[in-house]
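Going down the list, the protein sequences come from chains P and Y.
According to our numbering, the first sequence is numbered sequentially starting from 808.
According to our numbering, the second sequence is numbered sequentially starting from 114.
Treat the hints as calculated values from the structure; they're not laboratory data.
Ideal placement from N, C-alpha and C gives every residue a C-beta, glycine not left out.
Among the hints, a few may not be true.
[As the list claims (entries may be wrong)] Simulated DEER-style distance windows between Cβ atoms:
| id | chain 1 | residue 1 | chain 2 | residue 2 | range |
| --- | --- | --- | --- | --- | --- |
| 1 | Y | Arg141 | P | Arg894 | 39 to 49 Å |
| 2 | P | Ala811 | Y | Pro268 | 21 to 31 Å |
| 3 | Y | Leu143 | P | Ala811 | 22 to 32 Å |
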Amino acid sequence: MATAGADLIRQMAAGDRQAFALFYDRHAPVVFPLILRIVRERADASDVLQEVFWEAWRDAEGYDPSRGSPEAWMITRARTRAIDRVRATRRRSQTFVAPLDEAMAAAPADPAGAAAEQAADRGTIRSALGRLPEAQREVIELAYYAGLTQTEIADRIKQPLGTVKTRIRLGLERLRDVVKTSP
Amino acid sequence: MTHEPFDTLAATYALGALDGDERAQFERHLAGGCDVCEETLRESAEALAALARAEPRAIPPPEVKDALLRRIAATTSPRLERPQPRRLVWAVATLAAMIVGAAFTGTFVASRYEGRLGQMAREAAALRARVQQDEAALREQIAVYQAAVDLLRDPTTRVVTLHGLGPSPEATGRVIWHPVSGGHVFVANLPAVPAGSAYELWTIGDGAPQPAGLFRVDASGRGTHRIAAVQGGKPVKVFAVTIEPEAGVPAPTGPMVLASK
Ligand SMILES: [Zn+2]
């Protein structure tokens, strides 16, 4: 699966449009919900989705399989672009706290009724985030979904920077362990 | 200094939350090469990807895929409709009307005008032929440039510089080369070849040089030539131009006048 994905990117680098269509079909359903969760507006999410896949087509040559799976490659891009969009919007509107609270409130509930296998996978991961101590989950969500830097997080939750750093490190270590032990 | 502080920096960096001097410090550390941090970043990215997979599904808007495929098609294939050289089309149309008018009037006018009108019509017809010839050449030229521009929009396209050698050190050239679509060569300052010969382009990969077509230059020493893609998409390492018999040869025999490095 991972190899097949890397092959697709190699074909894209050679200008293969059909490979791109397959690549899009495979990854857009995973990438789009993440973008939507971060930017919140469907129209903005569509723009970001298009930019992210356009960049993937343009930069396919730069993909290095030894640095991660195609999925992680796309998700890292998608998250970065989505946060860029949120930050730009924030700068424009100069409202900092309100959209952030909204974003946190919008964190989705556990999915119900999806395909059993995917749901099981999601259950593990979701509960992985849920199983983290509240303090660790909070800093990871503020960083990853709301795009706050460590300094901004410290300001916001009124904790010393050192505490924020420790929570981030411990939280992420825990998440990595869960992913490594689940297939 | 132990590595431990970098473990924290790596985790924060993976989340995109590292800022200020620490970010610069970590990026320097990473640039210096660190397998431990590379591994942390890779595993973190996979863990975060797993979080994204856990998001409830949302169907991507279908118009995004359509828009992307259109955008890609526009950059990777030559467009079918090319812009018309409008002013020239207008000039040809006007000229055609003038000639028709001249011929029509000619049949009704007294014989003493006939000679003059006939001459006018002949001159106009010659002018029209020349304009049409120029227009065809211009269209061809535009098509070449358009195709080159289309190729240049593609990130996999390379631009290779050719340097003058031996008999024509002042000659220059560029090859716009796409591994799948082929490309174009543009040359300048090449002298006209002796009668019975032509310039022949070669693509050189791992094996023997492959003939890539014959071309000539105009009076100002310029020329363009469309290069077909190499069969099997084999990589081209060097482009070269030699002077050969005008029918072309399967392997280079004459002096090399241009080559890429
Ligand atoms: Zn390190």
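*Honestly, which of those hints from before does the structure not fit?*
Structure breaks hint 1 only.
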